[in-house]
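Residue numbers (the working numbering), protein chains in the order written: chain A, 11 to 125; chain B, 131 to 239.
Simulated from the structure, these hints should not be mistaken for lab results. In this text, all values refer to a predicted model and were calculated from it rather than measured experimentally. One thing to keep in mind: the hints can contain errors.
Stated by the list, open to error - Under the rule of at most 25 Å between Cα atoms (straight-line distance), these lysine to aspartate or glutamate pairs were calculated in the DMTMM-like manner:
(1) 156(B) <-> 69(A)
(2) 226(B) <-> 62(A)
(3) 186(B) <-> 48(A)
(4) 156(B) <-> 183(B)
(5) 156(B) <-> 66(A)
(6) 226(B) <-> 69(A)
(7) 226(B) <-> 48(A)
(8) 226(B) <-> 83(A)
(9) 156(B) <-> 48(A)
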Amino acid sequence: NAGVTQTPKFQVLKTGQSMTLQCAQDMNHNSMYWYRQDPGMGLRLIYYSASEGTTDKGEVPNGYNVSRLNKREFSLRLESAAPSQTSVYFCASSEATVLNNSPLHFGNGTRLTVT
Amino acid sequence: SQQGEEDPQALSIQEGENATMNCSYKTSINNLQWYRQNSGRGLVHLILIRSNEREKHSGRLRVTLDTSKKSSSLLITASRAADTASYFCATEGTYKYIFGTGTRLKVLA
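Whenever a hint applies, use it, and build me the whole structure from the sequences.
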């Protein structure tokens, strides 16, 4: 099993460019998440999807959009990249539905630099 | 806003020593989780402790939870160089898991 797979691993964008970060999980998990990790800030939730067909905003959703394409895939789109979006982006999944106690499984991240 | 906050921010110990890190949180929880992150990698789940549990063990890991003080501790016994990583606590809300800023542990060989 691959677990959670993120692509690409690295990306450099110019300000104003757009891109989509891809995430896929093969564990048949219900919930999927996008986090960003910045030095000294820990992980902050951008968007999450509790189940196929639903998405909700997290703590820092501005400048991002998401699509839960199917149960396996959850993509994150930057429509017009800004230097403040330079970060490491992690996708995660879990079995959790409603207040379920299940661990998160993380991908290895996408390191994005916006110049 | 952060729910869990780890303490200390950084910890350096010798191989074989025990490492203790703490997590404080603000609101009532159903469970608390601990994760490890090796440099350049994603987070890996270590242990989950439910609010009705006071202590849990997994190999060399021991986690305690004190809901009256809204705090948890992670003890790594007989540390190894391979334990060098950042450690995060996470508490849950509806569908969401909120992470602290982490403790950076360095184990010196």
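Status of each hint after checking the structure:
For the suggested pair residue 156(B) and residue 69(A), the alpha carbons sit about 17 Å apart, so the restraint of at most 25 Å is met. For the proposed pair residue 226(B) and residue 62(A), the alpha carbon gap of about 16 Å is at most 25 Å, so the pair holds. Straight-line distance between C-alpha atoms of residue 186(B) and residue 48(A) comes to about 30 Å, which puts the hinted pair past the 25 Å bound. At roughly 18 Å between alpha-carbon atoms, residue 156(B) and residue 183(B) fall within 25 Å of each other, so this suggested pair holds.
Taking the CA atoms of residue 156(B) and residue 66(A), the gap is near 23 Å; set against the 25 Å cutoff, the hint holds. Restraint check for residue 226(B) and residue 69(A): satisfied, since their Cα atoms lie roughly 10 Å apart, inside the 25 Å limit. Taken as a hint, the residue 226(B) and residue 48(A) pair is honoured in the structure, with Cα atoms around 19 Å apart against an allowance of 25 Å. Between residue 226(B) and residue 83(A) the CA atoms are separated by roughly 18 Å; this keeps the pair inside 25 Å, and the hint holds.
Note on residue 156(B) and residue 48(A): the hinted pairing holds, with a Cα-Cα distance of about 22 Å set against a maximum of 25 Å.
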